[in-house]
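Asks: Turn these sequences into a full structure, and let the hints steer you where they fit.
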Amino acid sequence: MELSELWFVLISILFIGFFFLEGFDFGVGMSTRFLARDQKERTIMVNTIGPFWDANEVWLITGAGAIFAAFPHWYATMFSGYYLLMLTVLLSLIGRGVAFEYRRKVEDTRWTNVWDWVIFFGSLLPPFLLGVLFTSALKGVPIHEDMNMEAGFSDVMNIYSIWGGLTITLLCLLHGLTFLSLKTEGEIRQRSAALAKKLVLAVLGSLIIFVGLSSFMTDIFEVRPILEPIIVVLIVLAYGLSYYFISNKREGMAFTMTGLGIGLTVSSIFVGLFPRVMVSSLNKAFNLTVYNASSGAYSLKIMTIVAVTILPFVLGYTIYSYYVFRKRVSDKEHLTY
Amino acid sequence: MDPVLLARMQFALTTIYHFFFVPLTIGLAFIIALMQTLYVVKKKEIYKKMAKFWGHLFLINFAVGVVTGIIQEFQFGMNWSDYSRFVGDVFGAPLAIEALLAFFMESTFIGLWIFGWDRLPKKVHLASIWLVSIGTMISGFWILTANSFMQVPVGYEIRNGRAEMVDFLALITNGQLWVEFPHVITGALATGAFFIAGVSAYNLLKKKHIEFYKKSMNIALIIGLIGSLGAAFSGHGQAQYLVKTQPMKMAAAEGIWEDTPDPAPWSAFAWIDTNNQENKFELNIPYALSYLSYSKFEGSLKGMKTLQAEYAKKYDPIVGKGTNYIPPVKTTYWSFRLMIGFGIAMILLSMIGLYLWKKGHLEQSSMFLKILVPAISFPFLANTFGWIMTEVGRQPWTVFGLMTTADAVSPNVSAGTILFSIIMYTLIFTILAGVMVYLMVREIKRGPVEHQDVNSTVSIDPFNKAGA
Numbered sequence: 001m002e003l004s005e006l007w008f009v010l011i012s013i014l015f016i017g018f019f020f021l022e023g024f025d026f027g028v029g030m031s032t033r034f035l036a037r038d039q040k041e042r043t044i045m046v047n048t049i050g051p052f053w054d055a056n057e058v059w060l061i062t063g064a065g066a067i068f069a070a071f072p073h074w075y076a077t078m079f080s081g082y083y084l085l086m087l088t089v090l091l092s093l094i095g096r097g098v099a100f101e102y103r104r105k106v107e108d109t110r111w112t113n114v115w116d117w118v119i120f121f122g123s124l125l126p127p128f129l130l131g132v133l134f135t136s137a138l139k140g141v142p143i144h145e146d147m148n149m150e151a152g153f154s155d156v157m158n159i160y161s162i163w164g165g166l167t168i169t170l171l172c173l174l175h176g177l178t179f180l181s182l183k184t185e186g187e188i189r190q191r192s193a194a195l196a197k198k199l200v201l202a203v204l205g206s207l208i209i210f211v212g213l214s215s216f217m218t219d220i221f222e223v224r225p226i227l228e229p230i231i232v233v234l235i236v237l238a239y240g241l242s243y244y245f246i247s248n249k250r251e252g253m254a255f256t257m258t259g260l261g262i263g264l265t266v267s268s269i270f271v272g273l274f275p276r277v278m279v280s281s282l283n284k285a286f287n288l289t290v291y292n293a294s295s296g297a298y299s300l301k302i303m304t305i306v307a308v309t310i311l312p313f314v315l316g317y318t319i320y321s322y323y324v325f326r327k328r329v330s331d332k333e334h335l336t337y
Numbered sequence: 001m002d003p004v005l006l007a008r009m010q011f012a013l014t015t016i017y018h019f020f021f022v023p024l025t026i027g028l029a030f031i032i033a034l035m036q037t038l039y040v041v042k043k044k045e046i047y048k049k050m051a052k053f054w055g056h057l058f059l060i061n062f063a064v065g066v067v068t069g070i071i072q073e074f075q076f077g078m079n080w081s082d083y084s085r086f087v088g089d090v091f092g093a094p095l096a097i098e099a100l101l102a103f104f105m106e107s108t109f110i111g112l113w114i115f116g117w118d119r120l121p122k123k124v125h126l127a128s129i130w131l132v133s134i135g136t137m138i139s140g141f142w143i144l145t146a147n148s149f150m151q152v153p154v155g156y157e158i159r160n161g162r163a164e165m166v167d168f169l170a171l172i173t174n175g176q177l178w179v180e181f182p183h184v185i186t187g188a189l190a191t192g193a194f195f196i197a198g199v200s201a202y203n204l205l206k207k208k209h210i211e212f213y214k215k216s217m218n219i220a221l222i223i224g225l226i227g228s229l230g231a232a233f234s235g236h237g238q239a240q241y242l243v244k245t246q247p248m249k250m251a252a253a254e255g256i257w258e259d260t261p262d263p264a265p266w267s268a269f270a271w272i273d274t275n276n277q278e279n280k281f282e283l284n285i286p287y288a289l290s291y292l293s294y295s296k297f298e299g300s301l302k303g304m305k306t307l308q309a310e311y312a313k314k315y316d317p318i319v320g321k322g323t324n325y326i327p328p329v330k331t332t333y334w335s336f337r338l339m340i341g342f343g344i345a346m347i348l349l350s351m352i353g354l355y356l357w358k359k360g361h362l363e364q365s366s367m368f369l370k371i372l373v374p375a376i377s378f379p380f381l382a383n384t385f386g387w388i389m390t391e392v393g394r395q396p397w398t399v400f401g402l403m404t405t406a407d408a409v410s411p412n413v414s415a416g417t418i419l420f421s422i423i424m425y426t427l428i429f430t431i432l433a434g435v436m437v438y439l440m441v442r443e444i445k446r447g448p449v450e451h452q453d454v455n456s457t458v459s460i461d462p463f464n465k466a467g468a
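Protein sequence lines correspond, in order, to chains U and L.
Mapped onto my numbering, the consecutive letters of the first sequence carry residue numbers 1 to 337.
Mapped onto my numbering, the consecutive letters of the second sequence carry residue numbers 1 to 468.
I should point out that these hints are in silico values taken from the structure, not numbers from a laboratory.
Any given hint could be a false lead.
[To be verified] Under the rule of at most 30 Å between Cα atoms (straight-line distance), these lysine-lysine pairs were calculated in the DSSO-like manner:
id	chain 1	residue 1	chain 2	residue 2
1	L	Lys358	U	Lys327
2	U	Lys327	L	Lys123
3	U	Lys332	L	Lys48
4	U	Lys332	L	Lys44
5	U	Lys332	L	Lys123
6	U	Lys332	L	Lys358
7	U	Lys40	L	Lys445
8	L	Lys52	U	Lys40
9	L	Lys358	L	Lys44
10	L	Lys43	U	Lys327
11	L	Lys445	U	Lys327
12	U	Lys332	L	Lys52
13	L	Lys44	L	Lys214
14	L	Lys48	U	Lys327
15	U	Lys332	L	Lys122
16	L	Lys358	U	Lys40
[As the list claims (entries may be wrong)] Computed Cβ-Cβ distance ranges for the label pairs, DEER-style:
id	chain 1	residue 1	chain 2	residue 2	range
17	L	Asp262	U	Thr304	36 to 46 Å
18	U	Arg328	L	Lys206	38 to 48 Å
19	U	Leu282	L	His236	50 to 60 Å
20	U	Ser330	L	Val41	29 to 39 Å
Every residue, glycine too, gets a C-beta built ideally from N, C-alpha and C.
Replies: Pasting the structure below:
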């Protein structure tokens, strides 16, 4: 395996990790608006993700940083090409980040309410838009010979990419609901489990349509005729099992399964892309690939050594922090956010 | 409108705004960790109160620092894609390492610190804030590694039309990094210290929580002196390094058009006429520039006209004939002086403060306390002018000697798009600044004692009457 191929795998893992982890806090953020009956319940919900969301977001930042370091052309083409989309993602993340910190800094219902709306949109837009970004890059966008992308509106926003974005958003929402049922007590726990159970069916429906669209509008089933169908089966299996576990009140397993579902869905995109990182809709020869978009061998070697050294520590203290805050959150204790 | 100009405007806007929060974050995290250490060692409640109260103000600031930092990372790809293609091999690595080594650490342990007061053993909780503090400094180290490469490129070779890394060790032992990093960190410590000193002074004037703010002030003044003196000394080292590596920036910062006499005088004030490339009026301090540049009272410096001729010979083959290598002189000259001026004021203030404290008159010296309140802004101004001098003074280069700013911009992004994003950022930044200042003032008015009360009545939920 070449180092550039290894880095494609590592970056895929970073994005899978991002959607797995931040996926549930996006989901919690989205469900605050319709699952919570009042501000108190919303506060409990926000506090379930309080100690984690910031570190979860770092998976995205690290993913983008790794793309910059390992595939400068991918980084340059993607972020300049998706300019307005990325601007919207950034503005959403800005609002959401401060909203968590500020929502209860003033004890006033209206104040908290405004920030809670910011949390809602800040949790809804990024997974949708990042879903649009990755699925449209998979379908193909106008990348020229000089590697620059000049996309019109429909290149970024089309039936396929919008459906991809919606699907990713739904997966995050479901993942957030299973997280809530795992981390709360009493009514919220029951309500989120009940809603999650209904939502699994919608998710499965949405995924089946997405698979259908993918077979028409992308070449992933031609590129990976064996692997992609296997992943599809595994995704269906994961969500089927999550339905079973939710029904049997085994929330930990249900959460694992919705996480597995997201992870597999994101990996199906990366598996379909490889060895391309972005598909050109103009000419196959203009595709960005792990070979023509990557950094030099030396740079990749250094990055590999650094990553292999640091990652165990990162995983170690991440797990530690989830262990420290393993208890369910209720209004019986001090709510920080 | 010119996309290059707009992209530069956006970079200046987002970077300056981001860098209001970064030094305060670095400085406050360190001082809070220090306060909490005193609490764990001396077991006095007042230190816990201090860590908590300043911790609240820290978090309000930290939130904005983090979210504005995200823009910075994506901006290189969005606005400067040709730059990213050209140097990504070298420049991307420190950014990725920063995320991997520092961001994960900061964000995980800040979560443990905020939510862990009642859940974690005291020493583990103390370790959390120290790890946050170390994380902020590691973050600074890697971002300055990347910046130092733009100032003094090392450890690369040009292959296939782009800079490829050949020596990682050279990147992290870059001489520029080791004059820049201590300067930024000491400046950050001073920023945190002057913030605490100013807020404490305000409350001492109001005669509120005297014991609490006096103790806070003591710590702040000591760190303030260490920080501002450290920044002055490391800044001196940086200037001497500049003479060797970027003489044009130095010449612009000193407003020197022709080669200086030997020994060289330092100009404290000059009326610069960029059109005729001369100074209409100068107020000079003899020998001083030689000393500042070489640590001895002899030696001359090259002027911008000489350097323009030298650079033209050397770089015109790379970037084209007739390039102007002289940066905006007035901006560079005056931001350099303003930075130094505010720095000196900070040194004097911390010295006077420590003297008054030693004499036991600190809380009665209302004149001094009144100065300390607006002096909160001094380090912010010094930091900002420092960066303006560093970055504007490097023009027309993005990467010194390798790539000009005009060549670095994204070719596929229109001026209108950049303008739209500038408007959006400005709008959001204005709102954020307003909210942040409002919250800070509120917390300060509330003071440390009521904080303790709020935190001890944990079973009361302020929203139990609120509807949806």
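Asks: Hint by hint, say whether it matches the structure.
Replies: Evaluation of the provided hints:
A threshold of 30 Å between alpha carbons decides the hint, and for Lys358/L with Lys327/U the separation of about 50 Å lies outside it, so the pair is violated. Only pairs whose Cα atoms come within 30 Å are accepted, and Lys327/U paired with Lys123/L is accepted, the gap being roughly 21 Å. This hinted pair checks out: Lys332/U and Lys48/L have alpha carbons roughly 24 Å apart, not beyond 30 Å. About 29 Å separates the Cα atoms of Lys332/U and Lys44/L, which keeps this hinted pair within 30 Å; it holds.
The suggested pairing of Lys332/U with Lys123/L holds, with an alpha-carbon distance near 26 Å, which does not exceed 30 Å. Taken as a hint, the Lys332/U and Lys358/L pair is broken in the structure, with Cα atoms around 48 Å apart against an allowance of 30 Å. Between Lys40/U and Lys445/L the alpha-carbon distance is near 26 Å, which keeps this suggested pair within the 30 Å criterion. With a C-alpha separation of about 24 Å, the suggested pairing of Lys52/L with Lys40/U holds against the 30 Å cut-off.
About 22 Å separates the Cα atoms of Lys358/L and Lys44/L, which keeps this hinted pair within 30 Å; it holds. Using a Cα cut-off of 30 Å, the hinted pair Lys43/L and Lys327/U holds, with the two alpha carbons roughly 29 Å apart. For the hint linking Lys445/L to Lys327/U, the alpha-carbon distance of about 35 Å lies beyond 30 Å, and the restraint is violated. For the given pair, Lys332/U sits about 22 Å from Lys52/L by alpha-carbon distance, which is consistent with the 30 Å threshold.
Proposed proximity of Lys44/L and Lys214/L is supported: the alpha carbons are some 15 Å apart, at most 30 Å. At roughly 26 Å between alpha-carbon atoms, Lys48/L and Lys327/U fall within 30 Å of each other, so this suggested pair holds. Taking the CA atoms of Lys332/U and Lys122/L, the gap is about 23 Å. The hint holds against a cut of 30 Å. Straight-line distance between C-alpha atoms of Lys358/L and Lys40/U comes to about 50 Å, which puts the hinted pair past the 30 Å bound.
At about 52 Å, the beta-carbon gap between Asp262/L and Thr304/U misses the expected band of 36 to 46 Å. Look at Arg328/U against Lys206/L: about 44 Å separates their beta carbons, and that is inside 38 to 48 Å. One distance hint, 50 to 60 Å for the beta-carbon pair Leu282/U and His236/L, holds here, with the actual separation near 55 Å. Between Ser330/U and Val41/L the C-beta distance comes to about 35 Å, which sits within the given range of 29 to 39 Å.
Checked against the numbered hints given earlier, the structure breaks hints 1, 6, 11, 16 and 17 and satisfies all the rest.
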